[in-house]
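Enquirer: Residue numbers (this note's numbering), protein chains in the order written: chain A, 1 to 294; chain B, 295 to 451.
Among the hints, erroneous ones may be present.
So these bits of chain A aren't anywhere near chain B, every CB distance computed over 12 Å [to be verified]: (1) Tyr24; (2) Ala59; (3) Ala183; (4) Arg205.
Taking lysine to any residue pairs in the SDA-like style, the calculated list, with each CA pair at most 20 Å apart, reads [claimed, not checked]: (5) A:Lys261 to A:Asp207; (6) A:Lys261 to B:Pro422; (7) A:Lys171 to A:Arg152; (8) A:Lys171 to A:Leu58; (9) A:Lys261 to A:Asp159; (10) A:Lys261 to B:Pro320; (11) A:Lys171 to A:Ala148; (12) A:Lys171 to A:Arg140; (13) A:Lys171 to A:Gly204; (14) A:Lys261 to B:Leu359; (15) A:Lys171 to A:Trp57; (16) A:Lys261 to B:Pro419; (17) A:Lys261 to A:Asp219; (18) A:Lys261 to A:Val220; (19) A:Lys171 to B:Pro422.
Under 7 Å between C-beta atoms, here's a sample of chain B residues computed to sit facing chain A [to be verified]: (20) Leu315; (21) Gly366; (22) Glu367; (23) Phe377; (24) Ile378; (25) Leu396; (26) Val414; (27) Leu416; (28) Val421; (29) Leu430.
Simulated from the structure, these hints should not be mistaken for laboratory data.
Don't be surprised by glycine CBs; every beta carbon is placed ideally from N, CA and C.
Next come the chains, spelled out residue by residue.
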Amino acid sequence: MASYAGPAPVRPGDVAGTLRLLAYLGLAIALIVLDHRGGWLAQGRAQAELLAQPLWWLAGAPGRIGDRLRSDAATRGQLARENRILRNALLISGARGARLQAAAADNARLRGLLGAATRGRLDVQLAPILDIDLDPVRRRLVLEAGAADGVRMGQTVIDAGGLLGQIIDVKPRTATLLLLTDADHAVPVVLARSGVRLVAYGRGRQDLLELPDIPLSSDVRVGDAVVTSGLGGRFPAGFPVGRIVALRPDHSRAFLIGDLKPSAQLDRGRDVLLLRDAPPTAAEAPTPAERTTP
Amino acid sequence: MIRARGWALPVSIALALLLGLLPLPPALQPLRPYWLALVLAYWVIEAPGQAGLGLAFGCGLLADLVFGSLLGEQALRMTVLAFILQRFRARLRFFPLWQQSLAIGGLLLNDRIVAAAIHVALGAPQVPWTAWWAPLLGMALWAPLFVLLDAWRLRRA
Chain A
1 MASYAGPAPV RPGDVAGTLR LLAYLGLAIA LIVLDHRGGW LAQGRAQAEL
51 LAQPLWWLAG APGRIGDRLR SDAATRGQLA RENRILRNAL LISGARGARL
101 QAAAADNARL RGLLGAATRG RLDVQLAPIL DIDLDPVRRR LVLEAGAADG
151 VRMGQTVIDA GGLLGQIIDV KPRTATLLLL TDADHAVPVV LARSGVRLVA
201 YGRGRQDLLE LPDIPLSSDV RVGDAVVTSG LGGRFPAGFP VGRIVALRPD
251 HSRAFLIGDL KPSAQLDRGR DVLLLRDAPP TAAEAPTPAE RTTP
Chain B
295 MIRARGWALP VSIALALLLG LLPLPPALQP LRPYWLALVL AYWVIEAPGQ
345 AGLGLAFGCG LLADLVFGSL LGEQALRMTV LAFILQRFRA RLRFFPLWQQ
395 SLAIGGLLLN DRIVAAAIHV ALGAPQVPWT AWWAPLLGMA LWAPLFVLLD
445 AWRLRRA
């Protein structure tokens, strides 16, 4: 016979609570798996995210007010100084633009001689970034422009430095931008110097992309500039993606991994450019290089 | 006094979500306290009739939508937090405020571990290591938040 009183009697409330806990945990895990694998919930999630719109708008208000205060409080001297700097910058870019225009005209003539498809002109739309912080693990930004402003799914987003990412979700008033650095993002790239084709993957880190599986024999060096290759048809060719800052062997020692520093500024609180002109016909037309290689 | 009437509960949760979205300098971002967990913990302790596992799950789901994280991740974390709080509620209520803060700090740390485990299980990238300091900040914020919410709730009730 046991001489002790035994474990404390289980209260029925505890059992019911545990069962409810298990039910909710199961539901949460099911949601996580559904959202993680294949994104089957994409439709429902897109609908439900409309609920978040007013909160996003409210949370962006301090940023907007701060901007307005800053521009209201700017003194005459500050404005004059800023004006001078901007005028100089405009002069320099104007001169550069003129030189590039000559090159572009040459390029168009040569393309005409080759009979290659002409590329579409660059047509962009300016969109401000909503000043809010989303989940830091997922590299996303919210733009203050949506379907009402002509933003479409899959549009390429750039800034003055280079490629930023693509639009993955469009709402009437806002759009979600998937940054290059998100762990779900990959972009086909080509080395500007040697023409080696690779794929740049995001790793969820703030300012680093990865170029895995570089063959040891390929002509890749630290400092190489990397631009989009246009393969796959999602991104137009020729936009700067970044610069290789480090090369290291992977764990199999048969390939190299390159660390890539993005050329665009991947933070919030600024304006970005949405490429309007991404016609699938122009992106899918073979480039001259592809034609000449047998 | 257990039933909190009026708007205190939904408004405080909406405020917690807003505080989670407010832009911070990039260096401070990992240190952002988990406002939603703090506010929810208050309601689970003080108004168990209204704030239970269901509310925790719903708030977590809402937070997932608002912060753009994996759907269900914060719902799971909030459910675990609310369950532990419910089990120890009878003791927690009569702790002095500083002991309560310690308990909340432990809960927030546990929440970080749960989040890290979810990320490991899915192969998702981890948050920066500085984010492990955030529970300490949450612990420090518990006492002022508790006093503030108490004042609000009792005035309304």
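Enquirer: Confirm or reject each hint.
Expert: Results for each hint:
no.: 1; hint: Tyr24; result: 5 Å, violated
no.: 2; hint: Ala59; result: 4 Å, violated
no.: 3; hint: Ala183; result: 5 Å, violated
no.: 4; hint: Arg205; result: 7 Å, violated
no.: 5; hint: A:Lys261 to A:Asp207; result: 6 Å, holds
no.: 6; hint: A:Lys261 to B:Pro422; result: 18 Å, holds
no.: 7; hint: A:Lys171 to A:Arg152; result: 10 Å, holds
no.: 8; hint: A:Lys171 to A:Leu58; result: 16 Å, holds
no.: 9; hint: A:Lys261 to A:Asp159; result: 15 Å, holds
no.: 10; hint: A:Lys261 to B:Pro320; result: 17 Å, holds
no.: 11; hint: A:Lys171 to A:Ala148; result: 8 Å, holds
no.: 12; hint: A:Lys171 to A:Arg140; result: 15 Å, holds
no.: 13; hint: A:Lys171 to A:Gly204; result: 24 Å, violated
no.: 14; hint: A:Lys261 to B:Leu359; result: 30 Å, violated
no.: 15; hint: A:Lys171 to A:Trp57; result: 13 Å, holds
no.: 16; hint: A:Lys261 to B:Pro419; result: 18 Å, holds
no.: 17; hint: A:Lys261 to A:Asp219; result: 19 Å, holds
no.: 18; hint: A:Lys261 to A:Val220; result: 15 Å, holds
no.: 19; hint: A:Lys171 to B:Pro422; result: 30 Å, violated
no.: 20; hint: Leu315; result: 4 Å, holds
no.: 21; hint: Gly366; result: 3 Å, holds
no.: 22; hint: Glu367; result: 6 Å, holds
no.: 23; hint: Phe377; result: 5 Å, holds
no.: 24; hint: Ile378; result: 10 Å, violated
no.: 25; hint: Leu396; result: 24 Å, violated
no.: 26; hint: Val414; result: 12 Å, violated
no.: 27; hint: Leu416; result: 5 Å, holds
no.: 28; hint: Val421; result: 6 Å, holds
no.: 29; hint: Leu430; result: 18 Å, violated
Figure legend: structure checked against the earlier numbered hints; hints not met, in rising order: 1, 2, 3, 4, 13, 14, 19, 24, 25, 26 and 29.
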